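The whole structure should be built from the sequences, with the hints applied where relevant.
There are 4 protein chains.
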Amino acid sequence: MRFMTVTSLGECPYDSPLTHYVSDEVLVPAGIEWTRGQVPLDLQLFEKAGPRAKLYFDPKQVRAGIVTCGGLCPGLNNVIRSLVYGLHHQYGVKEVLGFRDGYRGLDPQRGEEPIPLTLDLVDDIHEEGGTILGTSRGPVDTKTAVDNLIRLEIDALFTVGGDGTQRGAKSLYEEAMRREYPLAVVGVPKTIDNDVHFVARTFGFSTAVEAAREVIANAHTEAHSVHNGVSVVKLMGRHAGFIAATATVASQDVNFCLIPESPFVLNGDGGFLAALQRRLVARRHAVIVVAEGAGQDLIPGETGAVDASGNAKLEDIGKFLCDEITKCFKAQELEVVVRYFDPSYQIRSRPANSDDAVLCDRFARGAVHAAMAGKTGMIVGLLHGELVHVPIGLPVQSRKEVKMDGDLWHGVLACTGQPAQFA
Amino acid sequence: MRFMTVTSLGECPYDSPLTHYVSDEVLVPAGIEWTRGQVPLDLQLFEKAGPRAKLYFDPKQVRAGIVTCGGLCPGLNNVIRSLVYGLHHQYGVKEVLGFRDGYRGLDPQRGEEPIPLTLDLVDDIHEEGGTILGTSRGPVDTKTAVDNLIRLEIDALFTVGGDGTQRGAKSLYEEAMRREYPLAVVGVPKTIDNDVHFVARTFGFSTAVEAAREVIANAHTEAHSVHNGVSVVKLMGRHAGFIAATATVASQDVNFCLIPESPFVLNGDGGFLAALQRRLVARRHAVIVVAEGAGQDLIPGETGAVDASGNAKLEDIGKFLCDEITKCFKAQELEVVVRYFDPSYQIRSRPANSDDAVLCDRFARGAVHAAMAGKTGMIVGLLHGELVHVPIGLPVQSRKEVKMDGDLWHGVLACTGQPAQFA
Amino acid sequence: MRFMTVTSLGECPYDSPLTHYVSDEVLVPAGIEWTRGQVPLDLQLFEKAGPRAKLYFDPKQVRAGIVTCGGLCPGLNNVIRSLVYGLHHQYGVKEVLGFRDGYRGLDPQRGEEPIPLTLDLVDDIHEEGGTILGTSRGPVDTKTAVDNLIRLEIDALFTVGGDGTQRGAKSLYEEAMRREYPLAVVGVPKTIDNDVHFVARTFGFSTAVEAAREVIANAHTEAHSVHNGVSVVKLMGRHAGFIAATATVASQDVNFCLIPESPFVLNGDGGFLAALQRRLVARRHAVIVVAEGAGQDLIPGETGAVDASGNAKLEDIGKFLCDEITKCFKAQELEVVVRYFDPSYQIRSRPANSDDAVLCDRFARGAVHAAMAGKTGMIVGLLHGELVHVPIGLPVQSRKEVKMDGDLWHGVLACTGQPAQFA
Amino acid sequence: MRFMTVTSLGECPYDSPLTHYVSDEVLVPAGIEWTRGQVPLDLQLFEKAGPRAKLYFDPKQVRAGIVTCGGLCPGLNNVIRSLVYGLHHQYGVKEVLGFRDGYRGLDPQRGEEPIPLTLDLVDDIHEEGGTILGTSRGPVDTKTAVDNLIRLEIDALFTVGGDGTQRGAKSLYEEAMRREYPLAVVGVPKTIDNDVHFVARTFGFSTAVEAAREVIANAHTEAHSVHNGVSVVKLMGRHAGFIAATATVASQDVNFCLIPESPFVLNGDGGFLAALQRRLVARRHAVIVVAEGAGQDLIPGETGAVDASGNAKLEDIGKFLCDEITKCFKAQELEVVVRYFDPSYQIRSRPANSDDAVLCDRFARGAVHAAMAGKTGMIVGLLHGELVHVPIGLPVQSRKEVKMDGDLWHGVLACTGQPAQFA
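Chains as they are written, first to last, in this note's numbering: chain A, 136 to 558; chain B, 136 to 558; chain C, 136 to 558; chain D, 136 to 558.
Everything labelled a hint here was simulated from the structure, so no lab data went into it. Watch out, some of these pointers could steer you wrong.
Any copy will do: because identical chains look the same in the list, a pair fits if it lies in one copy or spans two.
Unchecked claim - The calculated lysine to any residue pairs, modelled on SDA-like cross-linking and capped at a C-alpha distance of 25 Å, are:
#1 Lys538 <-> Ser158
#2 Lys465 <-> Ala417
#3 Lys535 <-> Leu449
#4 Lys454 <-> Asp282
#5 Lys465 <-> Val441
#6 Lys535 <-> Leu176
#7 Lys195 <-> Leu287
#8 Lys538 <-> Ala188
All figures in this text were calculated on a predicted structure; none of them were measured in a lab.
Rendered as structure tokens:
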């Protein structure tokens, strides 16, 4: 057994104002497949999240901070609101500051002043997409940020963001530890791509899939209404094709689903273009869904450029596919009508649907409980439906991917009828 | 360890046409909370669902049947479609019959002839609510039905329905066993209330919550726009308040959430009406969500009547609450404007949202794999995100309920601010 | 020619700050059907609405008031917002007061204090249904209200409401005239039923039809999924069946549409029940849409009671129909499954769709222009796409109805296939 | 008075099976603004559409054809369905052929065979976007098409399409006249841009505006959630900015609306970029809506290329604006985050909303009545809410535009706060 215990700031001298608790002794395993006759002995076990009986902080004295980073994702405002409500109503925390525009707002030189997050201010924000705090890409100087957090007397900092954000959060709590300043840094993982280990489903993912399915329906209508109509829909998914694959299964109207986990070739008998041609001959139209990170190896001139978050700048695989399809069929004098759909900004700016709203509320309450108990250097994870505490260091070592032998990908193959591989 | 092995029709002489398999030796535990330092030794373990390497039936010879029973639920057509597609495309099954109007359709005297379910017929049905097969409440005479199934040479029967339906399915496969007729009876659990054990989430539930949230938003607007506006929203939930509780957390606009698991009293200082009055004095409006099965003990003249499915006929708790509220505040000369919302038919007739569409597809493919491998007397379950085989007898012994000390109910208490109990 | 000139408060000494104007000499006729060879000579002609070059009030000195009355209707907040924006941005009016909870708010004894409507306060309100001012039914004592308006130094009062509201508005301006207090009373007609003369389309109507169509789709699914399913949908329409008829044409899934303008009988060969039976025998299911004011003569025990607005309390025709259908077919041993849909509160509490949002904005800007020019005792009307000034006295003399020989009703007959009359 | 009489095929010997009629003597004027004291004497007057008492064709012998051309538009399937239903149910026409893939389908050498449009086939098509007949751009050889129509014994051809389509329709009926073949050619005008004279609102426009408003909401969220966020939304509108302007008023969240009717300059103090900069300094974010045909004069390298329909290929003004904005602020070291939204395919492929569904039904029934009465060389128009017959030659002489001194544009200026001109 491997116990994935998270760091604690220290003793917990204060009684919780709540009436129910989860003990640190309750654990949830990462793996749940048993083989008949064998007791699994090498499981990773994580602390179950939830309120603790004893607190590290005196809630009445706590000043908390919240920061949202990176690209938009449905549910950011829900998380902000439930953090504020959880702190106020469940623990009696009076002061919550919202840092502006991502990590930039932790640096008083670069960002605007943080704003006090009152109950009134956050009352209706969960009905809207985006983040009322604003967001940005890119890191902050760790020393400057910790100086500022100490100056502002922040006890607990909630970092809502992706892996870059949580790496930054790790640096912040380590720097605070070094200075012996007791700072609880608790991350709420945010990735619309749903590619974080130990987080079965990230918030915003369900909303994104629903929105993607609507666009696929449009794409299907366009392709279906002309002779040899081909619609190409590019969806989010830099390293993992969860949105593309899940929306494909939800829609059942997709004929080809291309994701980063399953490399493909364009040309040759087993290639994608030949398969597309067979489809058009048989059925007169085709819908192609492609994750933005798929097929990057096919595009000449990849530059290695990175954005402010340090993510590699991707070539536009959707546009590339449209061009290749047009070129290929022109060469064969097969008339096609190619339409390109690139709806990412429309998808990620939506308000959270109910599934995500509930998830955001759970994550936020779990994060509040953890911080009040003095947990730090952790994110809230989700294993098999249970919230858990995950040390920040763990999940960033690799990314969760669509398994080629799992139920999701088999669902894709079943409903598209596409070959297991284009090779 | 307790192995929840399902019945098999016998040896599996045929090779599967698929290329990936799950072994019968892979198991999933029902419980996943460990206590630090202890290996859990008394877990219920279920076979993981999925394609098997060897089949009981020769797929080319198989004739399958599908029946949908009970009240409408988003996703019924998705299940039908994915069953047909899974049988056809994955196994090459050529004949699938759709029985009409629930169990009535298994009796040739009472029902219409079954219809052949072709790929063309089911192509677009997942975009619509309801069930193209029709449905009804109530049982069928077991002997008559089995006579008919044998006459029609049905090898595999997929029963889509609630606990009454699955009890009926159990009788069918037992009767077939008695006659030594190899009939695979595989159930797909259907309950919009989400109250089946070993099924973490039933299809249609997510769609129902989303639809309920929209009605709650309307109810909030109505209550908010008049002086002392009180909106009462009755939602599905005969024995379990999952829809009411989850929609409450998703909405965050509810002030009181009443479910069957948490009995309440109306009168007295700690009662519901006094709490409502305090709310109105403080905030001028209130939104109440009540599950249909809540507070049945409060309504005089409960009759013990049952419907065709054998379910107790419930008194209308929503209407009752409206009347009691009106009466109570009239007596106190407090002017209130009470509005009643009863949207159940509007909710359950919707098409499935993406989360449910994916779930329906998974359940249906899991059911097809199980039937082809000769599993019978089982339903497809869902534990911690994994599909499993559940013997039909198990889940019907009791119902899943909202746990009073669980995360969902704590989420409700946090966002409504209502007391843990009205007593 | 009959010129429907509205009352003016007097000379207009101030220059408008705007740059475009409509002259009082531009008129729009009520009737636009010409007969070949004849110039129509007896038309009612209305002033076209729009900004005037000269103003009665000095905008910088104006204090305006807004009140919303009666039942909810999509778009109320849009009207409030565009009134405030139009007054502020287009004319520089600094003070706008919002009276609370309908006419009750005009009486300082009965209502709460009015609230200052700032740009910030109204910024996002158009995205929500309901009215931020609150509403109520029933009149206010005219003298008390005018005392209060004079005390508050209100120059222009915008009354958003139905015919009762506008009758009240007429009394207010007449009382103010009597006292020689220059009060511009300009009404924005509000009736979700769309039954006001000289207003081709009232705001909220389009949204209501869209929402009604969705419920009809649900009702169709329910009816279609069981043997002899009958869905009854009751829609708004006390005196006029515009919503029922328009939603029927939009949906194309309705088999019977019953409205107040077309009385019907239940029994006998030509009656509604016999027609329903023929439909069920032929097609196994039926969808019935009924306007709330239809068939009132059929319901025994009509009481003559009225609500706070003076509207006759209607019997529940939907419930009555369900009971009669159940009774009738039970007597004939024809099994039917009857479902009742009563979605009015869900419909009227929605936010405005785009068509209504645009209409609200137009009405509000038209009302502002009229008030600044000193027009009073009028409502803003809409003739053939053009906004006009309508003296308050005119439209309340009768109600607009669905014409039995017009395009809308013929559309209903064409898509339902129902007989022109049940008799 | 100018009577815009449409061509008739000749005497009408047959009695209509309907029971209500509109006389050819009933006319509707194009203009409805009167000046006080003057009877307008130079009006264009159009025949009111509707059923005629006498028919040119014997309905039982009629064979009709339908063709849909050009880009997708919400409501095409509604029009097809209501044409088929109107012909069948109202007149007893038994045979309706659907030509495939636009005008190409009129040429047996180039297109697929037409399909018989039965009631069953069209039953549910109005719930889906696109066109079940397929569509294409570009003309057909007139002689070939008329040969084919005569060969197929088509009596009435319904051409659903834009101005190019209707010009083609004119050629078809003229060629048929030349050959003395009595062919009723009746057009249903289709332009999502809403830019056809004598058609107050084209079908699909309302749906497009609603969809555009949703994208604007997304764009607003994106812009609002980052520092100096600028969202650019390109909407349909080659020659007229109706969609852009109407969606701007509906949304109220747009800061700049650019349409073809209002040329603008980018640079200089009065230019667009300076105004944008002022907005960003004041408010930190901006939403720009631009019609695709706006600002074409600003883009270097305009090529004069045309598409298959003969429409000039437009440069991508949205992309161009994004580039210019980025360049401009980079030069000034003002950090901005520019996002581009190009949702046209997602908008036009939607199913019709209720307003459009009703309009499609009206247009289709009006077209059927006209054809049966032997009208030809006409389109169905809409003046002030009344359907009229419009000779095909008329509307194609110019395009309807957003009037700079009209209510719509003033609504845009009021809600954006943008200057009347960027110059």
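Evaluated hints:
| no. | hint | in the structure |
| --- | --- | --- |
| 1 | Lys538 <-> Ser158 | between (34 Å within a copy, 17 Å between copies) |
| 2 | Lys465 <-> Ala417 | within (18 Å within a copy, 51 Å between copies) |
| 3 | Lys535 <-> Leu449 | within (19 Å within a copy, 43 Å between copies) |
| 4 | Lys454 <-> Asp282 | neither (46 Å within a copy, 42 Å between copies) |
| 5 | Lys465 <-> Val441 | between (35 Å within a copy, 19 Å between copies) |
| 6 | Lys535 <-> Leu176 | within (23 Å within a copy, 30 Å between copies) |
| 7 | Lys195 <-> Leu287 | within (16 Å within a copy, 45 Å between copies) |
| 8 | Lys538 <-> Ala188 | between (39 Å within a copy, 20 Å between copies) |
Hint 4 from the list above is the single one not met by this structure.
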